[in-house]
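Protein sequence lines, in the order shown, are assigned to chains L and C.
At position 45 of the first sequence the residue is numbered 45 (the working numbering), and the sequence of numbers has no breaks.
At position 101 of the second sequence the residue is numbered 101 (the working numbering), and the sequence of numbers has no breaks.
Since the hints were derived computationally from the structure, they do not count as laboratory data.
Heads up, some of the hints might be wrong.
Note that identical chains are pooled: a pair holds if it fits in a single copy or bridges any two copies.
[To be verified] Cut-off 35 Å, straight-line C-alpha distance, at most; resulting in silico cross-link-like pairs (DSBU-like, lysine-lysine):
(1) Lys10 - Lys28
(2) Lys46 - Lys128
(3) Lys10 - Lys128
(4) Lys10 - Lys121
(5) Lys128 - Lys71
As a plain string of letters, each chain reads:
There are 2 protein chains.
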Amino acid sequence: MSGRWLDEIKWTDDGLVPVIAQEAGSGKVLMFAWMNRESLQLTAEKHEAVYWSRSRGRLWHKGEESGHVQKVHDIRLDCDNDVILLTVEQRGSIACHTGRHSCFYKRFENDNWVEVEPVLKDPEEIYK
Amino acid sequence: MSGRWLDEIKWTDDGLVPVIAQEAGSGKVLMFAWMNRESLQLTAEKHEAVYWSRSRGRLWHKGEESGHVQKVHDIRLDCDNDVILLTVEQRGSIACHTGRHSCFYKRFENDNWVEVEPVLKDPEEIYK
């Protein structure tokens with residue numbers, strides 16, 4: 001894929017860049033994932049988040065199974081050209097595979113991780 | 001360092017975990033960095049962000065040179081136990097070494113990265 005804007009990114013040795021997805025409006029940080037060159041290009045073209053699944057070793061169009069697509073409003077790059085920040089509209093209000101709004105639902109309290117956000121939908125319902 | 005809460009984190013092979021710093025109140029994502037076990041422990045103890053500088057190979061108490069300390073209000077862990085989200089109060093309103101509020105000041109527009117946030121203070125003034 002062509003694109004000087006893609007060349008400007010400092011990819012990891014694995015050809016990836018870390019990506020933060022933040023919700024438009026609420027400002028909530030929903031999730032963190034990775035993209036490769038192709039997935040970032042697709043994200044820019046489709047205006048929908050396409051990540052690179054490291055565990056599955058393939059492109060991952062967010063919501064492809066769950067329907068919880070992320071419509072992309074804004075793409076930012078940081079000072080060091082090595083982190084991406086997306087502003088997204090989260091279809092279904094569920095970004096996390098556990099059925100929660102955000103993946104960051106464990107809060108540090110008294111040397112413990114405490115779950116502080118509710119499951120909005122049973123994952124078995126989401127991924128049936 | 002002891003701490004079952006630290007053992008629960010899935011550290012990278014290099015013993016690190018990615019960290020997102022979000023501003024309390026504004027909800028702005030300010031920066032992205034890494035922590036090792038010791039820096040996360042220190043962050044929890046001091047209630048101030050202590051990162052691991054990969055470029056310098058040492059602990060990096062954010063603001064140690066610039067004075068732009070991050071007071072930590074909240075520490076979150078994600079569903080996969082491999083990403084940390086901090087809610088911070090940013091001393092001096094400057095998180096970025098370029099003198100900007102946030103590190104994410106380049107916006108994707110028409111296949112270009114466009115700087116859309118002002119420098120609040122000359123870095124030469126900050127790091128003199």
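These are the hints, each one checked on the structure:
| no. | hint | in the structure |
| --- | --- | --- |
| 1 | Lys10 - Lys28 | both (26 Å within a copy, 23 Å between copies) |
| 2 | Lys46 - Lys128 | within (26 Å within a copy, 45 Å between copies) |
| 3 | Lys10 - Lys128 | between (38 Å within a copy, 28 Å between copies) |
| 4 | Lys10 - Lys121 | between (37 Å within a copy, 26 Å between copies) |
| 5 | Lys128 - Lys71 | within (23 Å within a copy, 43 Å between copies) |
In terms of the numbered hints stated before, the structure departs from none.
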